[in-house]
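Colleague: Here the protein sequences line up with chains Y and R, keeping their order.
Residue numbers for the first sequence follow my numbering, so the first one is 1 and each next one is one higher.
Residue numbers for the second sequence follow my numbering, so the first one is 1 and each next one is one higher.
If you're looking for bench data, these hints aren't it; they were derived computationally from the structure.
You can trust all of the hints, since none of them are fake.
With a straight-line cut-off of 27 Å between C-alpha atoms, the simulated DSS-like cross-links for lysine-lysine are: (1) Lys263/Y x Lys113/R; (2) Lys130/Y x Lys148/Y; (3) Lys557/Y x Lys113/R; (4) Lys568/R x Lys40/Y.
The lines below spell out each chain.
Protein chains: 2
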Amino acid sequence: MDKILRINMGADGGPEAKVDSLGDYAGFGGRGLTSAIVAKEVPPTCHPLSEDNKLVIAPGLLSGSTAAMSGRISVGCKSPLTGGIKEANAGGQPSQMLGRLGYAAIVLEGKPKENNLYKVFINKDGVDIKEDNNLCMLGNYDLVDKMKAEYGEKIACISIGQAGEMKLAGASIAFTDMELRPTRHAGRGGVGAVMGSKGVKVIVVDDAGMKARSPADPDKFREANKEFVAGLKKHPVSGEGLPTYGTNVLTNVINEAGAYPTKNFQLGQFDGCEKISGETQAETENTRGGEGSATHGCHRGCIIRCSGTFYDKDGNYVTKQVEYETVWAHGGNCGIDDLDAIAQIDRLDDDYGLDTIEMGATIAVAMEAGLAEFGDAQAAINMVKEVGKGSHLGRILGSGAAVTGKVLGVARVPVVKGQAMPAYDPRGIQGIGVTYATSTMGADHTAGYAVSSNIMGVGGKTDPLSPEGQVELSRNLQIATAAVDATGMCLFIAFPLLDQPETFQALIDLINAFSGANLTADDVTELGKSILKKEREFNLQAGLTAQHDRLPDYFQKEQLPPHNITFKVTNEELDQVHNF
Amino acid sequence: MDKILRINMGADGGPEAKVDSLGDYAGFGGRGLTSAIVAKEVPPTCHPLSEDNKLVIAPGLLSGSTAAMSGRISVGCKSPLTGGIKEANAGGQPSQMLGRLGYAAIVLEGKPKENNLYKVFINKDGVDIKEDNNLCMLGNYDLVDKMKAEYGEKIACISIGQAGEMKLAGASIAFTDMELRPTRHAGRGGVGAVMGSKGVKVIVVDDAGMKARSPADPDKFREANKEFVAGLKKHPVSGEGLPTYGTNVLTNVINEAGAYPTKNFQLGQFDGCEKISGETQAETENTRGGEGSATHGCHRGCIIRCSGTFYDKDGNYVTKQVEYETVWAHGGNCGIDDLDAIAQIDRLDDDYGLDTIEMGATIAVAMEAGLAEFGDAQAAINMVKEVGKGSHLGRILGSGAAVTGKVLGVARVPVVKGQAMPAYDPRGIQGIGVTYATSTMGADHTAGYAVSSNIMGVGGKTDPLSPEGQVELSRNLQIATAAVDATGMCLFIAFPLLDQPETFQALIDLINAFSGANLTADDVTELGKSILKKEREFNLQAGLTAQHDRLPDYFQKEQLPPHNITFKVTNEELDQVHNF
Numbered sequence: 001m002d003k004i005l006r007i008n009m010g011a012d013g014g015p016e017a018k019v020d021s022l023g024d025y026a027g028f029g030g031r032g033l034t035s036a037i038v039a040k041e042v043p044p045t046c047h048p049l050s051e052d053n054k055l056v057i058a059p060g061l062l063s064g065s066t067a068a069m070s071g072r073i074s075v076g077c078k079s080p081l082t083g084g085i086k087e088a089n090a091g092g093q094p095s096q097m098l099g100r101l102g103y104a105a106i107v108l109e110g111k112p113k114e115n116n117l118y119k120v121f122i123n124k125d126g127v128d129i130k131e132d133n134n135l136c137m138l139g140n141y142d143l144v145d146k147m148k149a150e151y152g153e154k155i156a157c158i159s160i161g162q163a164g165e166m167k168l169a170g171a172s173i174a175f176t177d178m179e180l181r182p183t184r185h186a187g188r189g190g191v192g193a194v195m196g197s198k199g200v201k202v203i204v205v206d207d208a209g210m211k212a213r214s215p216a217d218p219d220k221f222r223e224a225n226k227e228f229v230a231g232l233k234k235h236p237v238s239g240e241g242l243p244t245y246g247t248n249v250l251t252n253v254i255n256e257a258g259a260y261p262t263k264n265f266q267l268g269q270f271d272g273c274e275k276i277s278g279e280t281q282a283e284t285e286n287t288r289g290g291e292g293s294a295t296h297g298c299h300r301g302c303i304i305r306c307s308g309t310f311y312d313k314d315g316n317y318v319t320k321q322v323e324y325e326t327v328w329a330h331g332g333n334c335g336i337d338d339l340d341a342i343a344q345i346d347r348l349d350d351d352y353g354l355d356t357i358e359m360g361a362t363i364a365v366a367m368e369a370g371l372a373e374f375g376d377a378q379a380a381i382n383m384v385k386e387v388g389k390g391s392h393l394g395r396i397l398g399s400g401a402a403v404t405g406k407v408l409g410v411a412r413v414p415v416v417k418g419q420a421m422p423a424y425d426p427r428g429i430q431g432i433g434v435t436y437a438t439s440t441m442g443a444d445h446t447a448g449y450a451v452s453s454n455i456m457g458v459g460g461k462t463d464p465l466s467p468e469g470q471v472e473l474s475r476n477l478q479i480a481t482a483a484v485d486a487t488g489m490c491l492f493i494a495f496p497l498l499d500q501p502e503t504f505q506a507l508i509d510l511i512n513a514f515s516g517a518n519l520t521a522d523d524v525t526e527l528g529k530s531i532l533k534k535e536r537e538f539n540l541q542a543g544l545t546a547q548h549d550r551l552p553d554y555f556q557k558e559q560l561p562p563h564n565i566t567f568k569v570t571n572e573e574l575d576q577v578h579n580f
Numbered sequence: 001m002d003k004i005l006r007i008n009m010g011a012d013g014g015p016e017a018k019v020d021s022l023g024d025y026a027g028f029g030g031r032g033l034t035s036a037i038v039a040k041e042v043p044p045t046c047h048p049l050s051e052d053n054k055l056v057i058a059p060g061l062l063s064g065s066t067a068a069m070s071g072r073i074s075v076g077c078k079s080p081l082t083g084g085i086k087e088a089n090a091g092g093q094p095s096q097m098l099g100r101l102g103y104a105a106i107v108l109e110g111k112p113k114e115n116n117l118y119k120v121f122i123n124k125d126g127v128d129i130k131e132d133n134n135l136c137m138l139g140n141y142d143l144v145d146k147m148k149a150e151y152g153e154k155i156a157c158i159s160i161g162q163a164g165e166m167k168l169a170g171a172s173i174a175f176t177d178m179e180l181r182p183t184r185h186a187g188r189g190g191v192g193a194v195m196g197s198k199g200v201k202v203i204v205v206d207d208a209g210m211k212a213r214s215p216a217d218p219d220k221f222r223e224a225n226k227e228f229v230a231g232l233k234k235h236p237v238s239g240e241g242l243p244t245y246g247t248n249v250l251t252n253v254i255n256e257a258g259a260y261p262t263k264n265f266q267l268g269q270f271d272g273c274e275k276i277s278g279e280t281q282a283e284t285e286n287t288r289g290g291e292g293s294a295t296h297g298c299h300r301g302c303i304i305r306c307s308g309t310f311y312d313k314d315g316n317y318v319t320k321q322v323e324y325e326t327v328w329a330h331g332g333n334c335g336i337d338d339l340d341a342i343a344q345i346d347r348l349d350d351d352y353g354l355d356t357i358e359m360g361a362t363i364a365v366a367m368e369a370g371l372a373e374f375g376d377a378q379a380a381i382n383m384v385k386e387v388g389k390g391s392h393l394g395r396i397l398g399s400g401a402a403v404t405g406k407v408l409g410v411a412r413v414p415v416v417k418g419q420a421m422p423a424y425d426p427r428g429i430q431g432i433g434v435t436y437a438t439s440t441m442g443a444d445h446t447a448g449y450a451v452s453s454n455i456m457g458v459g460g461k462t463d464p465l466s467p468e469g470q471v472e473l474s475r476n477l478q479i480a481t482a483a484v485d486a487t488g489m490c491l492f493i494a495f496p497l498l499d500q501p502e503t504f505q506a507l508i509d510l511i512n513a514f515s516g517a518n519l520t521a522d523d524v525t526e527l528g529k530s531i532l533k534k535e536r537e538f539n540l541q542a543g544l545t546a547q548h549d550r551l552p553d554y555f556q557k558e559q560l561p562p563h564n565i566t567f568k569v570t571n572e573e574l575d576q577v578h579n580f
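Sequences and hints are given; from them, build the entire structure.
Modeller: Rendered as structure tokens:
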């Protein structure tokens with residue numbers, strides 16, 4: 001992984017690929033690399049859809065190795081949704097494959113002069129870029145089928161659906177999973193729109209003939225990996241909760257805590273919760289059977305296996321096991337308690353290439369505007385279908401909650417820096433509110449998952465309803481997360497890492513054994529800090545200031561039942577988060 | 001004019017009116033008063049459509065007197081379009097009438113609990129507020145007819161059309177002219193959406209029984225007014241150019257200069273220019289005749305009389321004589337060279353209550369997105385009609401150029417702080433580019449009309465194609481404009497003021513004779529500075545920083561024909577504008 005593939009989509013004679021050495025970027029991976037490239041090479045004031053923006057796709061430092069959990073991938077650019085820097089993270093197979101092929105990053109630059117669509121094929125022999133306007137306005141599922149027919153079954157795809165082609169700010173980038181289905185998405189921030197603006201419909205990766213990357217010290221690496229895996233297995237969250245019920249185990253937990261945003265963040269508990277919980281979902285999946293209904297991972301090397309497959313009543317494949325945040329977005333947040341409808345919407349989101357969180361928040365805003373009643377599942381399905389059609393309504397919705405609020409004249413819009421809040425009400429879990437407000441990414445639960453300590457008691461216990469200690473908690477988590485996002489590791493390793501010092505040490509040993517470096521825990525913290533500092537500096541230059549590190553005013557005014565609580569962390573406290 | 005009418009639209013038992021004394025606001029008028037109230041009473045981070053925003057409607061310091069040109073009115077709020085403070089300025093009759101009734105301002109506060117629509121009637125006996133949902137989704141023309149039937153012919157109306165009711169960020173507030181037609185608009189920044197969010201459809205003003213406000217020193221006042229009027233009459237712009245051809249006299253001038261933004265700011269000259277010029281327009285109006293085709297003023301007391309009436313081929317009234325910026329917005333900027341079509345769109349904009357500049361810029365962006373061909377007048381008419389219908393497309397377009405660009409995936413969007421640029425390309429007239437970039441209002445030609453010196457040689461001569469001297473010019477004009485906007489005087493008095501020291505002195509004498517004050521020229525400058533400082537501080541607190549004092553990047557990269565020039569004022573220079 002010592003090279004960067006740069007494709008200039010705006011070259012005079014059509015797209016031009018060249019392979020660069022890592023140069024100054026040596027030692028960076030994942031979010032560390034995407035943010036370094038964006039911060040250095042993209043003018044912060046450029047239009048996100050202009051030729052000056054760049055789309056960076058980077059496997060993690062350990063991707064392509066046999067290290068457990070190392071197959072996550074980072075996508076970076078200036079975000080059309082937030083106007084700031086963006087790293088969106090996904091699972092799927094491309095990360096491991098790109099790692100094996102030796103690519104630390106793919107960088108899409110420039111912009112085609114004509115309105116053509118391209119496909120990129122990458123294998124051990126090099127890179128091939130072809131114009132293919134037959135792919136125009138295909139959904140991700142049909143697109144992947146076409147690529148399979150063309151390139152065989154051993155490939156992985158990185159692609160956009162209709163939403164990305166339309167350059168909508170809610171557009172995601174799909175990464176195929178182990179079953180070669182486009183179910184894993186770099187969802188947030190409109191990264192799919194940037195890929196669309198580059199005219200790239202799909203990047204097909206084939207690592208045939210390549211082997212796993214070799215560690216510097218194979219024995220130590222094997223040993224550390226074993227210890228690391230043992231640590232993951234023994235922690236109740238990564239070893240038991242997630243594998244058994246998937247991420248949707250959280251529905252009951254967060255609802256119980258009174259922090260489950262319901263009907264566009266009007267309430268903290270949803271009375272239809274039981275019908276869409278992880279427990280109900282698991283039971284449904286088990287009853288309906290079909291191959292692959294057992295929990296499984298989203299990428300090669302995953303040992304937590306929090307995913308699964310969702311079948312309809314007749315046993316036909318619908319989508320992957322729907323994640324908690326998606327179940328919430330299209331479920332409780334829209335007042336919908338129908339798992340089949342939610343799964344259907346998840347499938348549509350994946351097919352059109354849409355961020356499920358942004359779409360769920362957007363539909364709830366549209367419901368508040370009166371376009372449909374809360375709870376009307378068919379109306380929600382129809383709205384998402386409008387995006388696929390590219391109708392005017394669809395384009396509004398596909399542009400995300402902030403734009404939809406503007407166009408429909410709604411004042412209660414749960415966004416920070418233009419990005420919709422995920423499945424945790426910041427009044428019921430004050431720590432996550434600090435992360436939403438201050439993350440360089442806009443409202444993003446994964447940027448500093450304070451739910452862990454506020455609700456689960458992982459990494460210590462903090463009172464979710466008190467502002468006390470939340471700033472420090474969020475700061476530390478944001479730093480740690482930035483570092484983990486650089487490794488290519490799944491963020492769920494954080495649960496055992498926070499509780500089990502020996503597992504944290506195993507991870508450091510793993511990195512050192514692989515790279516031949518001699519990192520300490522402090523170095524990892526410094527890495528996280530340096531990534532955040534780079535991102536924040538980009539955002540400042542792009543015009544995002546302390547005033548953007550705020551929740552919408554109404555979270556400080558409207559009390560959330562059942563605790564009847566507002567967001568209580570002060571602006572002065574929020575301004576301390578990046579004080580490190 | 002020693003009282004403020006405050007209407008709390010969110011009071012528990014329905015809207016509540018109360019009359020406040022001026023208190024701390026004594027001595028403020030027009031923009032000076034709207035910006036003072038907004039800066040002091042509106043939380044800068046509030047949602048512009050929330051109950052925390054306030055809509056302030058304020059006549060100028062001299063409004064209601066017999067001073068020439070004193071009938072302009074200011075509307076202030078936090079802008080749904082820019083996210084910053086807003087003062088939108090209009091002519092029409094309400095300013096003089098409110099002045100005579102003694103109101104320094106009307107302040108709409110709060111937000112109705114239910115989705116009801118109200119009308120407010122103000123006369124010498126007080127204020128009456130009635131729920132009237134029959135007014136729902138009426139255009140301004142029908143609405144005014146209804147009000148005439150109800151309250152008689154001696155009234156003036158302040159109202160919103162469909163756009164304001166839908167809370168679209170391109171919505172204006174209409175002020176009736178001397179013929180009781182809703183042709184004068186506080187257009188910019190979406191002030192109509194804020195009035196819509198307050199649930200107020202129309203404010204009907206009747207000044208029967210009231211007299212003009214008395215000057216402190218009637219003799220001196222009469223003398224100063226005479227001198228002031230003589231100054232206006234003798235200047236070539238206010239005494240000749242404007243009365244003869246109206247503001248549209250500029251079409252040929254700006255086109256000649258190569259600074260006429262054509263087809264969404266792609267070119268600096270429009271080949272259909274002659275067909276829509278002020279000269280052609282005047283000839284057309286004279287040929288078509290009809291009563292009132294002679295040039296006339298937009299408000300009682302106007303002596304420049306740059307307005308007129310536009311009739312169709314059969315002599316039927318269509319709209320007022322269309323202003324230069326509107327002719328440009330719906331003309332050259334959309335590649336349209338048909339005066340009748342442009343007049344028809346102007347009428348639709350006025351009826352729906354839409355900012356013509358924002359709408360023209362938006363339609364051009366939609367044309368760049370491929371929704372219609374440049375030059376297709378019927379398509380442009382149809383697009384505006386979509387707004388009136390409230391269709392999804394209409395809501396997109398009515399939300400302005402920035403949102404339309406986002407939803408349609410267009411990167412070339414000519415906005416600053418989310419507000420569309422008016423009819424002067426900042427590359428061909430670099431001075432106006434400085435004003436666009438740095439005005440507290442977003443892109444706004446009236447905020448510091450550097451065209452005067454760059455093109456007309458009024459107030460000295462500056463090279464329009466050179467960055468030299470533009471920062472100082474724009475700064476001085478922005479300061480002077482803020483002061484003029486506080487007086488209730490039409491901004492066109494600035495031409496003689498800049499060239500004729502004796503006319504400037506006459507204005508100061510006029511103010512002093514009226515108010516009994518003893519102001520100097522320096523005091524006027526200080527007034528302007530203090531207004532700008534207040535506005536800028538609000539914007540900073542709302543999250544608008546130096547990074548927002550910029551033109552979109554492409555103005556620094558794309559050369560504008562025929563001069564093949566880019567915007568050359570540096571960021572460092574722009575940051576000096578507010579350094580006073």
